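Chains as they are written, first to last, in my numbering: chain A, 1 to 467; chain B, 468 to 682.
Treat the hints as calculated values from the structure; they're not laboratory data. These numbers were taken from a predicted model, which means no experiment stands behind them. A few of these clues could be false.
As the list claims (entries may be wrong) - With a straight-line cut-off of 20 Å between C-alpha atoms, the simulated PhoX-like cross-links for lysine-lysine are:
no.: 1; chain 1: A; residue 1: K62; chain 2: B; residue 2: K600
no.: 2; chain 1: A; residue 1: K62; chain 2: B; residue 2: K636
no.: 3; chain 1: B; residue 1: K506; chain 2: A; residue 2: K62
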Amino acid sequence: MLGYLPAQPRSEWPSIEAERRASYARWKADLVAVSESFRVDVRGVQGQQVADSLSLLQQIQKDVHRTQPLVEFFQRPATQAALSSLLLVYARRNPEVQYIQGMNEVAAVLLHVASEASADEHAEADAFWCFSLLMQDIRGAFIQAVDGCSGHGAPSHASPAAKAEPGAVGKLLRALRLYDPELGAHLEGAGVPVGVFAFRWCTVLFAQDLPLAGVVRLWDCLLGDPLRFELLSQVGLAALLTSRERLLAASEQGQLAELVSGAPRMASLEALLAHTWAICALERRAQTPPFPTRSAAQLVQDLSGWARGAAAQLAPALRPAAGALAGGLGAGLAQRAPPLVKETVGQASEKVASAARTAVASAPSAAQAFVTGAPAAAHSGAHAVASWFNEPAPTRVRGAGGGGGRVAVAGGAGQGRGGGVQGADDRWLGAGGGGEGGGEGHARHRRGRRGGRLRGGGRRRARAPGG
Amino acid sequence: MASEKEKDQYDYLFKFIIIGDAGAGKSCLLHQFIENRYKKGSSHTIGVEFGSKIIHVGGRNIKLQIWDTAGQERYRSVTRSYYRGAAGALIVYDITNRDSYNHLVNWLQDARTLARADTSIITVGNKCDMKDKRAVTFLEASRCAQENDILFLETSALTGEGVEDVFIKVARVILNKIEDGLIDPNTMVSGTHTGSQRIGSDSGGEAMSSKTCSC
Numbered sequence: 001m002l003g004y005l006p007a008q009p010r011s012e013w014p015s016i017e018a019e020r021r022a023s024y025a026r027w028k029a030d031l032v033a034v035s036e037s038f039r040v041d042v043r044g045v046q047g048q049q050v051a052d053s054l055s056l057l058q059q060i061q062k063d064v065h066r067t068q069p070l071v072e073f074f075q076r077p078a079t080q081a082a083l084s085s086l087l088l089v090y091a092r093r094n095p096e097v098q099y100i101q102g103m104n105e106v107a108a109v110l111l112h113v114a115s116e117a118s119a120d121e122h123a124e125a126d127a128f129w130c131f132s133l134l135m136q137d138i139r140g141a142f143i144q145a146v147d148g149c150s151g152h153g154a155p156s157h158a159s160p161a162a163k164a165e166p167g168a169v170g171k172l173l174r175a176l177r178l179y180d181p182e183l184g185a186h187l188e189g190a191g192v193p194v195g196v197f198a199f200r201w202c203t204v205l206f207a208q209d210l211p212l213a214g215v216v217r218l219w220d221c222l223l224g225d226p227l228r229f230e231l232l233s234q235v236g237l238a239a240l241l242t243s244r245e246r247l248l249a250a251s252e253q254g255q256l257a258e259l260v261s262g263a264p265r266m267a268s269l270e271a272l273l274a275h276t277w278a279i280c281a282l283e284r285r286a287q288t289p290p291f292p293t294r295s296a297a298q299l300v301q302d303l304s305g306w307a308r309g310a311a312a313q314l315a316p317a318l319r320p321a322a323g324a325l326a327g328g329l330g331a332g333l334a335q336r337a338p339p340l341v342k343e344t345v346g347q348a349s350e351k352v353a354s355a356a357r358t359a360v361a362s363a364p365s366a367a368q369a370f371v372t373g374a375p376a377a378a379h380s381g382a383h384a385v386a387s388w389f390n391e392p393a394p395t396r397v398r399g400a401g402g403g404g405g406r407v408a409v410a411g412g413a414g415q416g417r418g419g420g421v422q423g424a425d426d427r428w429l430g431a432g433g434g435g436e437g438g439g440e441g442h443a444r445h446r447r448g449r450r451g452g453r454l455r456g457g458g459r460r461r462a463r464a465p466g467g
Numbered sequence: 468m469a470s471e472k473e474k475d476q477y478d479y480l481f482k483f484i485i486i487g488d489a490g491a492g493k494s495c496l497l498h499q500f501i502e503n504r505y506k507k508g509s510s511h512t513i514g515v516e517f518g519s520k521i522i523h524v525g526g527r528n529i530k531l532q533i534w535d536t537a538g539q540e541r542y543r544s545v546t547r548s549y550y551r552g553a554a555g556a557l558i559v560y561d562i563t564n565r566d567s568y569n570h571l572v573n574w575l576q577d578a579r580t581l582a583r584a585d586t587s588i589i590t591v592g593n594k595c596d597m598k599d600k601r602a603v604t605f606l607e608a609s610r611c612a613q614e615n616d617i618l619f620l621e622t623s624a625l626t627g628e629g630v631e632d633v634f635i636k637v638a639r640v641i642l643n644k645i646e647d648g649l650i651d652p653n654t655m656v657s658g659t660h661t662g663s664q665r666i667g668s669d670s671g672g673e674a675m676s677s678k679t680c681s682c
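With these hints in hand, go ahead and build the complete structure from the sequences.
Structure representation (structure tokens):
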């Protein structure tokens, strides 16, 4: 998903892999010398450059030796040499970035994944490439993190190259005030510098704040998500919401600061991700007026308003489309979906159908785009949703960006809308679950998540009409 | 709640910063001070860490708000924004690493120009449990501190030796300055910017609880 290998055609993978591994080997040979005993040294430099390179290597090694200190893999001399080498090669080849503390954490996760996926001798090269590609997205945040202020402490303007959510921290703080004013005020009142911890979370993508397996899973979600790093602030917010009760129970500044700092680890990863999806889904639902519309009733009213408005332009041609849509959804899910989901989707398709009926009843003329888009979208939408429910759970979880990715296909015009109504409301409950009951139960989270997936489709639909 | 509140009663609020080269042991020092134990498996600091603790000095309860900064040169533009208003500064070096000692001058200059004109500064030679690898003698560091008119102590964040003394020593100096009228306690912690949030603009008056020190 980082683009190390193209999605298609797979037949080219071996040659691309071989080529990239060879390039890395060449660069490494030019820049780094690793002894038998895994001593890393610089190479290919002269004069003043020697001192610069050595100091660079020193900085890197200082951090490599304290990367993931609780994981045995990273204590091995071979691993440390590999991590140092790849960071050094990256730093030398990217002089505008060089090495910034925290990059070691990011590279470490990738090296660990690569070493599980391929033979030891290739893991370093594969990790290097994945790291380079990921850095393209997050280097902006890194550079801004360290160079974002002028020497006098005055913040300068964000660099236009900063792609990876330069304002993720600010976004999180704003969202906290909006989602849970009580918690926000509590933390602010106690003088807890939430931003300080969020800065760390967002800069190294939680690499320091979750167990390694959790980081890997979270990254799958991040990388699979079409909007990728937008998710970061939402994970941070989810961490705070899942820890809400404990945070509210504490009042001493130091204790609170420590709780906030450890918030991502406090709840189970499941709960953290469930809250994240709930927030994500709520944030991304397409609707006017935007957040915060809280009641389902109001959403339904908005929808019927929309339907009546559209009605003025709808043609009778819509009737079969709506029928197919509602029918397709129902048939696709009737057999397999859990009762809760069935109920939700059932209601949704009913709403679509009735909205369409209203529309058709009162509307003689057509909105061309809608008419042409609807039937195809309805079919592919129903199909996608059904096949999604058919997949074994872990894949679903892993595909999680899935919210957007896989179910994006489900962005049938009317269906996305209908699903959106129900889903959005459920999700709000899910998000509020953190706010109100501290996560009342799994069912509610799951419900939120499912809603999220449907919603992902809705969002896509909103951007590209007709799915 | 009542006991929590009582626990959080203090007479003065001092802002401290911990600065110094990467790997000198700043975070471990803070952890040892707050938790009274060594932080095993500690990673480097990204940006800034924060801790607070109430200590008893000269019959007063003093709340320390401590900002622990990343040591890497490139993070300095971030960490510098936390200096402002600091009443105390700990400049930490590693007694087994000559470079970290040589950089003291730079850190000292940073602290003097960016914190407060009257910031009380202490040089901390950390890792004094590793005597066999010592690269900086106690004598030369203590002389250097005298020349620069700052305090000096050696510590071990591993064993805890000297750690609490560092914080108490600096707090006592600040307290003396207040009682001698050299510092107005109402200006102790003023508007520290942490990116997008204002923190600790409380004025350090008498007997505050955490409930009253809002932003």
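- Query: Quick one, are A:K62 and B:K636 close enough, alpha carbons at most 20 Å?
  - Reply: Between A:K62 and B:K636 the Cα gap is close to 30 Å, so the pair fails against 20 Å, i.e. violated.
- Query: Is B:K506 within 20 Å of A:K62, Cα to Cα?
  - Reply: holds, 17 Å
- Query: Is A:K62 within 20 Å of B:K600, Cα to Cα?
  - Reply: Holds, at about 17 Å.
Hint compliance for this structure: hint 2 alone is broken.
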